[in-house]
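J.: Here is what each chain is made of, one letter per residue.
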Amino acid sequence: MRKFTNTGKLSLPVSFAAIIIVWETLVYILKTPNYLIPAPSAVVQAMIEAFPVLMRHTSVTLLEVILGFASALVLSAVISLLMVRFSVLYKILWPYMVISQTIPLYILAPLFMIWFGFGILPKVLIVVLVCFFPITVGFVQGLTSTEPELDELLQVMRATPSQILWKVRVPQAMPQFFSGLKIAAAYSVTGAVLSEWVGAQEGLGIFLTRSMKTFKTAALFADIVIIVVLSLILFYAISLIEKRVIRRRNLL
Amino acid sequence: MEPAVNITDLCVSYTLNKKELKVLENVNLRAEAGRFVSIIGPSGCGKSTLFRTIAGLEKKYTGSVIVNGCDIRNSRPHIAYMLQKDLLLPWRNVRQNIVLPLELAGTLKNTDADFIENMISEFGLKGFADAYPDELSGGMRQRVALLRTWLMEGSVMLLDEPFGALDALTRKHMQDWLTGIWEKHRKTVLFITHDIEEAVYLSDEVFVMGPRPGRIVEHINIDIERPRKSDITCTPLFIDYKRRLVSALQV
Ligand SMILES: Nc1ncnc2c1ncn2[C@@H]1O[C@H](COP(=O)(O)OP(=O)(O)OP(=O)(O)O)[C@@H](O)[C@H]1O
Ligand SMILES: [Mg+2]
Chain A
1 MRKFTNTGKL
11 SLPVSFAAII
21 IVWETLVYIL
31 KTPNYLIPAP
41 SAVVQAMIEA
51 FPVLMRHTSV
61 TLLEVILGFA
71 SALVLSAVIS
81 LLMVRFSVLY
91 KILWPYMVIS
101 QTIPLYILAP
111 LFMIWFGFGI
121 LPKVLIVVLV
131 CFFPITVGFV
141 QGLTSTEPEL
151 DELLQVMRAT
161 PSQILWKVRV
171 PQAMPQFFSG
181 LKIAAAYSVT
191 GAVLSEWVGA
201 QEGLGIFLTR
211 SMKTFKTAAL
221 FADIVIIVVL
231 SLILFYAISL
241 IEKRVIRRRN
251 LL
Chain B
1 MEPAVNITDL
11 CVSYTLNKKE
21 LKVLENVNLR
31 AEAGRFVSII
41 GPSGCGKSTL
51 FRTIAGLEKK
61 YTGSVIVNGC
71 DIRNSRPHIA
81 YMLQKDLLLP
91 WRNVRQNIVL
101 PLELAGTLKN
111 TDADFIENMI
121 SEFGLKGFAD
131 AYPDELSGGM
141 RQRVALLRTW
151 LMEGSVMLLD
161 EPFGALDALT
171 RKHMQDWLTG
181 IWEKHRKTVL
191 FITHDIEEAV
201 YLSDEVFVMG
211 PRPGRIVEHI
221 NIDIERPRKS
231 DITCTPLFID
241 YKRRLVSALQ
251 V
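Top to bottom, those sequences are chains A and B. Under my numbering, the first sequence has 188 at position 188, and the numbering climbs by one with no breaks. Under my numbering, the second sequence has 137 at position 137, and the numbering climbs by one with no breaks.
If we strip away everything but chain A, and leave its shape as in the complex, we get (with noise of 0.2 Å):
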C-alpha cells in the first residue's frame, strides 16, 4: 500500500515535468514561430520581462476576486439561512437565482459597465454573480439535508426551530458549504478576468487583451499562468480553512 500512496504523491509534478518537456522538445524540433505556441522557457522569460507589471494588474484583479468572493460569502450565508428558515423565502427566491445564472455572464459584464461606470464596481459585482451561485447551491443542500428521523428525534427531545438550525443543521451543513466555496473560489478568478475584457484600466484580463492585440503569445500565457496559480491558491486556502473547522474527516 504504502508504495501505491507514494507514486500517488509524485505523480502530478512527474507528469507535469514530462509534459513541460515534451513540450519544449516539440516547440524546438518544429521550430513554431514563439506567436503561435511559445516555448516553457519563452513564457517564463516572458513573465520575468513583464513582472513588475503583470504583479500590478494581479493586484487589481486579485482585489476585486476577494472584494466579490467575501460578498457573495457573506450574502450566500445569510439568504441561505433565511431561505431556510422561511420556506416562503426560498419558494420566492429560488426561481430567480437560476434565472440569474442562465444570463450569459458575457451580456451581463458589458450591461453592468453602462449601469455602474468603468471603476471596480461592476468587475466585483460580476464576481459576487459568479461565486453566489455554488455557494447558496450547497449551503442550501447541506442544510436541508437532514435525516427525518434525526427531525423526529429533535422534536421529540423539544428542540426549538432555532436549536435545530444552530445546533444541528448549521454544524451538519458544513461540508457541502465548503464544496461549494471550493467551485466558487475556482470561478472567481475567471470571472473577474472577463468582466476586465469588456472594459477597465488594470487587472489581469486587460494585460491579457493587450498582449492579444500585439502578437505576445509568450505574455498571454504567462497570464494565463498567473490566473492559473491566482485559482489554485484560493482553491488551496479554502482547504485549508475546511480541514480546520471539519476535523473529522468522514462527516457523513
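What the hints contain is simulated information worked out from the structure, not anything from laboratory work. A hint or two may mislead.
Derived DSS-like pairs: lysine-lysine, alpha-carbon spacing no greater than 27 Å straight-line [what the hints assert, rightly or not]:
#, chain 1, residue 1, chain 2, residue 2
1, B, K126, A, K167
2, B, K187, B, K126
3, B, K109, A, K167
4, A, K213, A, K31
5, A, K167, B, K85
Just a few of them, taken from the derived set where beta-carbon distance is under 10 Å, the chain A residues facing chain B [as the list claims (entries may be wrong)]:
#, residue
6, A159
7, T160
8, I164
9, L165
10, Q176
11, R210
12, K213
We treat Cβ as the ideally placed atom computed from N, Cα and C, and that holds for glycine.
Please arrange chain B with the ligands on chain A, whose structure you already have, making use of the hints.
T.: Frame of chain A; chain B with the ligands shown alone:
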C-alpha cells in the same frame, strides 16, 4: 396505581399508492411503571409505528394513548425515545452527543459535571468521552445512544431494537450490561426486539405482535427472579418461556 403507558384500541393506517394500508389494528397494551416490557414481532408488523405513536410523532390514529395519566392528544408526552438508527451527530464527540437533550432543554448549565462523568463510566464509556462517533465500535455507539436516551426528560423509555445491528457476541454482552443497569435504576422501559431469547432474558413481560396488520396476539409475564445472570438462559423455566414465545409467533 396508574399505568405508565395505557393503549386502548389503537389503529394506525397509512395511504400507500392511494390504497389504505392498515399498520396497527386494535392494539391494546398496558405497561405498569418501573417494568421492563418487551414487544416482539416479525419485521414490518408495525412495532416502530407503535413507538412513533406513543412518542407523539404519529398524529393520525384512532383509539387512545395515555402516558402517565395524560392523553397524548391533549399534551405532548415527555418520553425518552431511542430510534432504530443511533443518529449520533458525527461532529460532536461522545460527551457532546450525550448531553444534547440537556443542552436543548436548557438544563445543561445546572447539571453537575460529576454526574455526567459518573454516567459515562456507568455506561462503560470511560476513556471514550472525547472520541468521535466514527472512532467507535457498533456496541460503543449503541451505548452512547442509550445514554443520550437515558438523559432525555421523561419517565418512560422507548427503545427500538437497540441491539438489532450488533453481532451475537457484542449483543449478549450488551444484554448483560443492560439488565445490570436496569435492575439498578428500574425505569419504565418499552423495548422492541426481534430476538426471542433477548425478550425473555431482559423483560418482566412480553407482548407478541402478529404480522400485518399489527395487533397483540399474546401477552406473557416472565416470572424469573432478578438479578438475572446470563446462565439462566439454559434453565428449564427459561426454555419454557422461549417455547411459548416461539409458538405465539407462529400464529
Ligand atoms: N410513512 C409511511 N408510509 C407508508 N407506509 C409506512 C410508513 N411507515 C411505515 N410504513 C409501513 O408500515 C409497516 C410497519 O412499519 P414499521 O416500521 O412500524 O415496522 P416494524 O415492525 O418496526 O419493522 P422492523 O422490525 O423491520 O423495524 C411497514 O409495512 C411499512 O412499510
Ligand atoms: Mg422498526
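J.: Each of the hints needs a verdict: does it hold here or not?
T.: Comparing the hints with the structure gives:
1. B:K126 to A:K167: 25 Å, holds
2. B:K187 to B:K126: Holds: K187 of chain B and K126 of chain B sit about 23 Å apart, inside 27 Å.
3. B:K109 to A:K167: 16 Å, holds
4. A:K213 to A:K31: Roughly 23 Å separates the two Cα atoms, so the pair holds.
5. A:K167 to B:K85: Given pair K167 of chain A, K85 of chain B holds - Cα atoms ~19 Å apart, limit 27 Å.
6. A159: This hint holds: A159 of chain A lies near chain B, its Cβ roughly 5 Å from the closest one there, short of 10 Å.
7. T160: 8 Å, holds
8. I164: 9 Å, holds
9. L165: 12 Å, violated
10. Q176: Violated. Min distance 13 Å.
11. R210: 49 Å, violated
12. K213: 53 Å, violated
This entry does not satisfy hints 9, 10, 11, 12, going by the numbered hints stated previously.
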